[in-house]
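**Student:** The hints should help you fit chains B and C onto chain A, whose structure is shown.
Residue numbers (numbering that gives the first Met the number 0), protein chains in the order written: chain A, 0 to 359; chain B, 0 to 346; chain C, 0 to 548.
Simulated from the structure, these hints should not be mistaken for lab results.
Treat the hints with caution; some may be incorrect.
Taking CB as the label site, the calculated pair distances span [unchecked claim]:
| hint | chain 1 | residue 1 | chain 2 | residue 2 | range |
| --- | --- | --- | --- | --- | --- |
| 1 | B | Arg195 | C | Leu189 | 48 to 58 Å |
| 2 | C | Thr87 | A | Gly38 | 41 to 51 Å |
| 3 | C | Arg372 | A | Gly107 | 34 to 44 Å |
| 4 | A | Asp121 | C | Gly294 | 40 to 50 Å |
| 5 | C | Pro373 | A | Gln81 | 16 to 26 Å |
| 6 | C | Val125 | B | Gln94 | 58 to 68 Å |
Over 12 Å on every C-beta distance to chain B, these chain C residues come out as not near it, computed from the model [as the list claims (entries may be wrong)]:
| hint | residue |
| --- | --- |
| 7 | Gln41 |
| 8 | Leu66 |
| 9 | Leu70 |
| 10 | Tyr76 |
| 11 | Ala91 |
| 12 | Ser166 |
| 13 | Arg180 |
| 14 | Pro190 |
| 15 | Leu250 |
| 16 | Phe252 |
| 17 | Ala286 |
| 18 | Asp288 |
| 19 | Ser304 |
| 20 | Ile310 |
| 21 | Ile379 |
| 22 | Val529 |
Ideal Cβ placement from N, Cα and C applies to all residues, glycine included.
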Amino acid sequence: MPLLEVNRAFNSYGAVPVISDVTLNAERGELVCLLGPSGCGKTTLLRLIAGLETLDSGTISFDGANLHSVAPHSRGFGLMFQDLALFPHMNVYGNVGFGLRMQGLSSGAVRRRVDEMLELVDLVNYGDRKVHELSGGERQRVALARSLAPAPKLLMLDEPLASLDRVLREALQIQVRAILKEVGVTSIYVTHDKDEAFAIADTIVFMKRGSVVQAGPPETLFRAPATELVARSLGIRNIIAGTIVGASEDVEIATSVGTLTVGGPAPAEMSVGDEVLVLIDERQLFVEPIHDDPSADVIVLNGVVRERKFRGGEAEIHVTVGNDELVSIVSSADPRSDVKAGQDVCIVIPPKAITLLPTA
Amino acid sequence: MSRSSIVAAVMLVLVFAVACGGDEDSELIIMTHDSFDISEAVIQEFEDANDATVVIQKAGDAGEALVRAILEKGNPSADLLYGIDNTYLGRALEQEIFDTYRPELLDQVPAQFKFDESGHVTPINYGYVNLNYDVNFLAENDLTPPARLEELTAPEWKGKLVVQNPASSSPGLAFLISTISYFGEDDEYDYLDFWRDLKANDLLVKDGWSDSYYTDFSQYGGDRPLVVSYATSPAAEVFFSETPIDVPPTGNILIDKATFAQIEGIGILKGANSKDLAKKFIDFALGTTFQEDFPDKMFVYPVNQNASTPDFFKFAEVPSLPADISANEIGEKREQWIQAWTKVVLR
Amino acid sequence: MTASRLLTLGPLAFLAVFFLYPLVAILGRSFGGGALGLDPFQELLGDSYYLGRIWFTIWQATLSTLLTLVLGLPVAYLFARHEFPGKTILKALTTLPFIMPTIVVAMGFIALLGPQGIVNTALSDVFGSNAPQLRVTNTLTIIFLAHAFYNYSIVVRIVSAYWANLSPRFGESAAMLGAGRVRTFVHVTLPLLLPAVWSSAILVFVFSFTSFGVVLVLGGPQFATVEVAIYELTVKLFRLEVAGALAIIQLVFTYVFLFVYSRVQAQSAVPITLVASESVSRRRKSARDILLVVGIVAGLLVVLSPLLALIERAVSTSGGYSLTHFVSLFSNDSGSFFYLSPMRVVWNSVRFALASTAIAMLVGTSAAYVIVRPGRRSSILDALFMLPLVVSAVTLGFGFLVAFNRPPIDLRGSWLILVIAHSLIAYPFVIRTLLPVLRGMPPHLKESAAVLGASPFRVFIHIEIPIIARALLVGATFAFAVSMGEFGASLLLVRAEFTTIPVAIFRLLGQPGEANLGQALAMSTLLMAVVALGFVAIERFRYRDVGGF
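So here's chain A without its partners, still in its complex pose:
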C-alpha cells in the first residue's frame, strides 16, 4: 500500500478549478517530483497535502489514515517554501530547532539534533548566524535542515532551488537528493525545470492545468511520453506528424519526410487513418554521409545538414528533411559527428528509436 494516497482530489479558487481529479501515490522513501509549467497546480497540490488548503472533494490519506480533519501542525509533515520563509527574528539555530521545540524536546535534545542537521547540510558552526547574514545557498540549506529536523513523515519542497543561479542550483540538486536519500524521507518535490526533475526524482508526475497528465519513472516518461506536451516539455525535439496508412503487419506511417515503416504490431488503440506523432530519440538516430549497409533493419532518409553545434563532449547535428528538421546527438569522439553544414547526408533511424503517439 502506498504511504501517501491522493485520490480524486478537486480544489478550486472561487469558481476557478485549480486541481481537478488528481490521483497520486507515493511509496515509502520515494522521491516524487511534481513537474509542470507554472500555474499548473503543483503548489496547490502541495498545500492540500500539507493541509494549508482544503479539498472540495476527494481524499488524501497517509499511511492508510484520512487526513481530512488533521490540522497542518498535527500532520507531522515538512514543507519547504519557495521563498524559504526563514524566521527573520531567529538565528540559524532558532530556525532549525523550531520544529523540535514545538515537539517539546528538551533543550539538550534540540541542540544535539540541530547540530546533527547542520552537519548533514554542511553548515557546522553556523548556529549563531543571523538569517540575513547568509548567502542564498546557505539559506536554502538552513531551510532544508529546518524541514528535516523534526524528522517529518513526508517532506514537501516547493521549488526550493528556483531562486539560485544555475551553477549553484545544479550543485545543490545533487546534494539535496543525496541528503533526502540519506535520511530516507518520503518526499514530494515541486519544480518546473525538467533537468532538475530528472536529476532528482524517483518518479515524475507531470501536471497540466490542475490534472496529472502522466506519472512514472523518468526513463518511462522520456521513452513513452503520454502526450505531445509531455514530450515537448521533456525536451524531445524530433516530432513529426503523420497518418497511419498500414497496420496489417508492420505499421506504416505517411509523413512529410516519406513513409516510415515501424516493425511490430501497432498499439491497440491505433488503426489505419489515425493521425499520429512520430517521436524519434535524438540519441538513437544517427547521420552518415553514405549509408552502405542495406541489410540492417533501419529507416534511411536523405537530408541536408543545417548546423552542427558542440555541447560539452557531444555534437548536436541539425538536419533538414523536407519541411521538417531532425536532431541527432552523438559523442564528439564518434566519427559520425564529423559532418559540415550544407553537406548531403543519410539519416539512419533504428525502429526502436521511434515512439508513436496518438494526437490529442
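**Tutor:** Structure of chains B and C alone, referenced to chain A:
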C-alpha cells in the same frame, strides 16, 4: 486557549465587575461642576453627624453637569445637583429635574439672592463677573481703567481686551448679559452695536476663562491688560501669590449695570435615592460651617448673611449696581442672545 | 473555525456594546425617541454657518495632515535608519506633545512666542522697542502649527517602526540604477512606506478633523470645527436634536472617508521581506549623514522647545529657580476635599492608562486580524472600527450616561467608564500600527511554522508576536499616551479619588493666582516625566530575545 477566548473572558469579568458594584443606603451622591471645592473636614462633619458617606461627582462644567442631569431625568445617578446658576436656572426648571425643598435657613439669605421663587433650587453662593485689569500694564502705558463700557471701543483700548465665548463659558455669558443690561436690546445703540464696535477694535474672544486668563491676559504673558473675570480674582491673586503682597497686581473695573451677579444653588434631583439625606445636606450647606468654608476655595461669597468672609476678601469689592436681568428673562432669551452675539462677533 | 468566529465576535461585540449602543441611545434621546425628522438636517444644511464649519473642518484637517507629514517623515527617517547616543530619550521626548493638555501647550507657545515670550523679548532687546513682533497666537497659522506639533509623533512612530524593518536593498538597488537620493526616496522608499504613511496620515487627519481643544485654546472660537459646533449645540444651546443631526452628518462623512481610505490602504499594501532592524541602520556614517542627523535632531529640539519653556517656567519662582511649586503640590493647605497627593494622582493616571492599554491591545489586535482577513467586508469593518476616534466626544460621553444607567450595567460613577472610554480612543492606534505589518507579513512564515508542528496559538506566540512586536509596542505607546493625556471623558466623570494628572492640572488652572499657575506647570512637568519614563520603559521592553522586531 486562543486569543479570542481571552478577550471573551476579560469582557465577562468586566461585565460582572460592573454588575456587582455595590450601592449603600446611607450614601449621598452630589453631582457638581469641576470648579466646586470644599474642605474635607466640613464634609467629614456632615458624614459623622448623619452617619452617611458623601460622594462628590464632578461632571464637567456647569453646562455639562446640567445636560447630564437632564439626560438622566427620572433615573439620576446623584441625589443633589450643585452649581445651577442664574444663567442655567430657567433651563433646569423647564426640564423639571428638581424636587422642591425650602430649607428654614433661607431666612438668613437676603432677598436679592433668592433667585428661584418656585423653591426648587436653593441659593448657596454668589460672585460677580466683571472686567479685571493688569495694574502694572496700565500704569506703564498711562492708561486709566475705563469708567464706562463705551470707552472700550476707543483707540486707546484697541487690542487690549480679551473676553470669553458666551456659547462655551459662564463668565463669557455673564459679561454678555452685563452688556445687554448696560446698553439694552432695543436702544438706538444697543448691545450688538457695542459688540460690533468692540470687534472692530481688535477684540479677542477665547473659549474658556482659563486660557484667556493664563495665555492672553498680560499678567500671565499675554498682551491684553483687560480680561473678563471675577470681582474676587484680585483677592485670589493676593491669596495665591508666591511672595506675600499687600496690593493685588490686578484690579476690578466695577461699572454700574455692567457687572453680573452670578448666584449658584443646589437642588434635589427627582428620583433621588437618599432624599432625606439630601435635604439635610442642603440645610448643612446653608449653615455657617459650610458657608464660611468655601470662600477661600471657590472665591465666591456665602449667601447666608450671618457667615463671615476671610480678611483678604477686602480686595474683592462688591459692585454697587450689578446688571438687573432676572433668571427668568435669561432662561427665555439666552439662546437668542448667544446666537445674535455669535453672528456679530464670530461669523 | 469557532475560535476564529470568536476572534471576529470579540472586537465587534466590544464595539457594539461600548460604542454603537451608547451612540444609538444618545441619538435616539436627542431626537426625542420619536421618528427621525428631517427638520434638524434641513436647519443645518440651510445654515451657511454650519456648512462653513464643515468645510473649514475638512480643509484645515487636510492641510494640517500634510504639514504633519512633512514634519514627521524626516524624524521617522532619523529613528529608523540611524543610531546615535541619546536616541531612546529623544524618541520618548518626541511623543510628549501628544499627551499634553492643550492649555498647557498653549502656555508653552505663549512662553516662547507670546507677546512677552522669549523670542519677542529677544527681538525687542536686539532691535529696540519698535522691533518686529512675531504674532502667531490666536491665528489660523497656529492651528496648523499646533496640529503638526501634537500629531507629528504619530507619523514618526508608525512610519519609523515600519521603515526600520524595510530592507535597504530596495533603496540600494534604485541607487545602482542611477536614482539620486531624492528620486530614490520619491520613487522607491516612499511607495514602499505608503502603508505606514497612510496609517499615520489617517490618524492625523482624524485628530485634526475632530480637533477641539487645540482649535479653541490656540485659535479661538472663530475657528470652530464641527466638533466644537456639536459641543456648543449640546451643552450651551441645548439643541440636542440639531447637535444629533450634526453628529450624524459628521459620522456619515467620516465613515465614507474612512471606507475609501481603507480601500486605498489595503491596495497599497505589498508583502515585503522584513529584515532585522540591526541590519538596516547605517553603521558607517559619512559626513553628510552626520550633518543630516545633527540637523534633524536640532529641528526636533526646536519643535520641542515649547515644552522646555514650560519646564523652565515650572522651576522658576520670583526668587530664582527652585522646586517650590513641586513641593507645594504635596501639601493640602486649604484642607480641600478634592486634594490628592501627586503620588495618588500619578498612580491614578498610570493605572487607568495601563488598564486602557491592556484592553486596547486586546481589542485592537483582534480587530486588526479581523480586518486583514481577505474579503470584501474588510474595508467596511475597518472604517467601522475607526469610528470611535471620529465621533464627537461629548456625544459619546453623554451616550454612555444614557446607555449604561441601569443595573446590571450602571457604569455612572464607576472608574470603568473612564477606562472603557480611554480604550475606545486608544485601540484604533493599535489597529493602525498593526495593519501594515500584518499585511506585509509573508504568509509563508506562519504556514512554515504550522507545518513544523506549531498550533495556531503557538504560531501567534512564536512567530507573529515577535514580528509584529515593534508595531505592537508603538500601538501600546500610543494607547498609553492617549489615556495619560485624555481629558474630556475624565472631566465628565471625576470623583476626587479618580483624579488624573490632566484633571489636576485643569483644576489648578481654574483659579487665578501665581501659585496655581506654578503648581499646574509643576504638575505638567510631572506628567511629562511620568509619560517619558513610561515610553522609555516600553521602548526597553523587548519581547524575549528577538531584538529589533
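**Student:** Please write out, lowest number first, the hints stated earlier that are contradicted by the structure.
**Tutor:** none
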